[in-house]
Each structure stands twice: as structure tokens, then as C-alpha cells.
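Student: So the sequence shown is numbered by the numbering used here: it starts at 1 and just counts up by one.
Source of the hints: derived by calculation from the structure; they are not laboratory data.
Even glycine gets a Cβ: it sits at the ideal position worked out from N, Cα and C.
Among the clues, some could well be false.
Claimed, not checked - Restraint-style ranges between C-beta atoms, simulated for each label pair:
| hint | residue 1 | residue 2 | range |
| --- | --- | --- | --- |
| 1 | H42 | A90 | 23 to 33 Å |
| 2 | T144 | V105 | 34 to 44 Å |
| 3 | A120 | A31 | 15 to 25 Å |
Claimed, not checked - Straight line, CA to CA, 27 Å or less: simulated BS3-like cross-link-like pairs of lysine-lysine:
| hint | residue 1 | residue 2 |
| --- | --- | --- |
| 4 | K87 | K140 |
| 5 | K67 | K108 |
| 6 | K74 | K93 |
| 7 | K67 | K140 |
| 8 | K74 | K87 |
| 9 | K93 | K108 |
| 10 | K108 | K87 |
| 11 | K108 | K140 |
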Amino acid sequence: MNEHEKHEHEHEHHEHIHTENCGCAPKTQEALGAIHVESHLHDQARVISGSLTLFADYGVFRASLSKQLEGLAKAVQACGGIVGHIKASAETKQTEMFSVTDTAVSVKTAPGQEIRITLAAIVFAVDPEEAETLVISALKAVKTDSEQTTRRQ
Numbered sequence: 001m002n003e004h005e006k007h008e009h010e011h012e013h014h015e016h017i018h019t020e021n022c023g024c025a026p027k028t029q030e031a032l033g034a035i036h037v038e039s040h041l042h043d044q045a046r047v048i049s050g051s052l053t054l055f056a057d058y059g060v061f062r063a064s065l066s067k068q069l070e071g072l073a074k075a076v077q078a079c080g081g082i083v084g085h086i087k088a089s090a091e092t093k094q095t096e097m098f099s100v101t102d103t104a105v106s107v108k109t110a111p112g113q114e115i116r117i118t119l120a121a122i123v124f125a126v127d128p129e130e131a132e133t134l135v136i137s138a139l140k141a142v143k144t145d146s147e148q149t150t151r152r153q
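All chains should be modelled from the sequences, with the hints used to inform the complete structure.
Tutor: Structure representation (C-alpha cells):
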């Protein structure tokens, strides 16, 4: 018996959430603002993966993501579920313009950064669709919080 046969393993790939210009780009080239979520069952755990790329102020984004991850854990528990593990990573890309008009270099930094969030939630005893909905809601809230602050700058 190989490792894959030792446990129940099913995958569900649900339709992604798209913006009007998403085009379902590969994960390394996601359209800004597009939220992608998929899930599968591993033994008795529901594993939900999500990603989002946005342009935002990192401090605002960081505070929002922290708040939403805590809210996600509370929402899972409120549904009668158990949180196995919830984690997220953030990759950033900052743009700076270097310019020389005489001999001195001038550097201008863009007011925000491109940020790619990758989220994984392992939960138990939660309806699969409900689990995905909770992750989507958390990512949408991070996007909304980050966009509202970035627009004000």
C-alpha cells in the first residue's frame, strides 16, 4: 500500500472568483485583485488554499491580514468547527525609480507595493462550502481594507 492509499483523499476545484479582467492567469502571474480559492479533503481535514495579489500599503495590509486570520479562526469555531492550522505568507514587490539629471541620483519610491498573499487553512468539522466561503470572505476583506486606504493616499 503506498502513502496515497493510506487515507481518504479527494480534491475539489471550485470555480474561481474573478474580476472582469482576470483571464485566469497562472498563479505566478495572477491578475491584481483576483481571489483564487480551492479545497480538498485530507483524511478528515478540510484543506482550503487561497491566493490574492493586490497593490497596497504594506502596513495597512499587514494589520488587515492579521485581523482577518483571527476572524477566520473565530468564524470556524462559531460554525462548530476546529481550527487545525491557518497560515498565510506575503510576498512583496516594491518599485523605485532611480534618476540622474546631472551627477546626483534621485530615488522615488512608489507609495504602495504589489503584495501576493498565499493562505492555507486546515479545519475540521466544517461544511466544505462554508469553509471556502469563510476563506473567500477573509481575502475579500483584506482586499477591501487595503484598497480603501491606498485610494486615500
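Student: Taking the earlier hints as the rules, which of them does this structure contradict?
Tutor: Violated hints (numbers, rising): 5, 6, 10, 11; every other hint is consistent with the structure.
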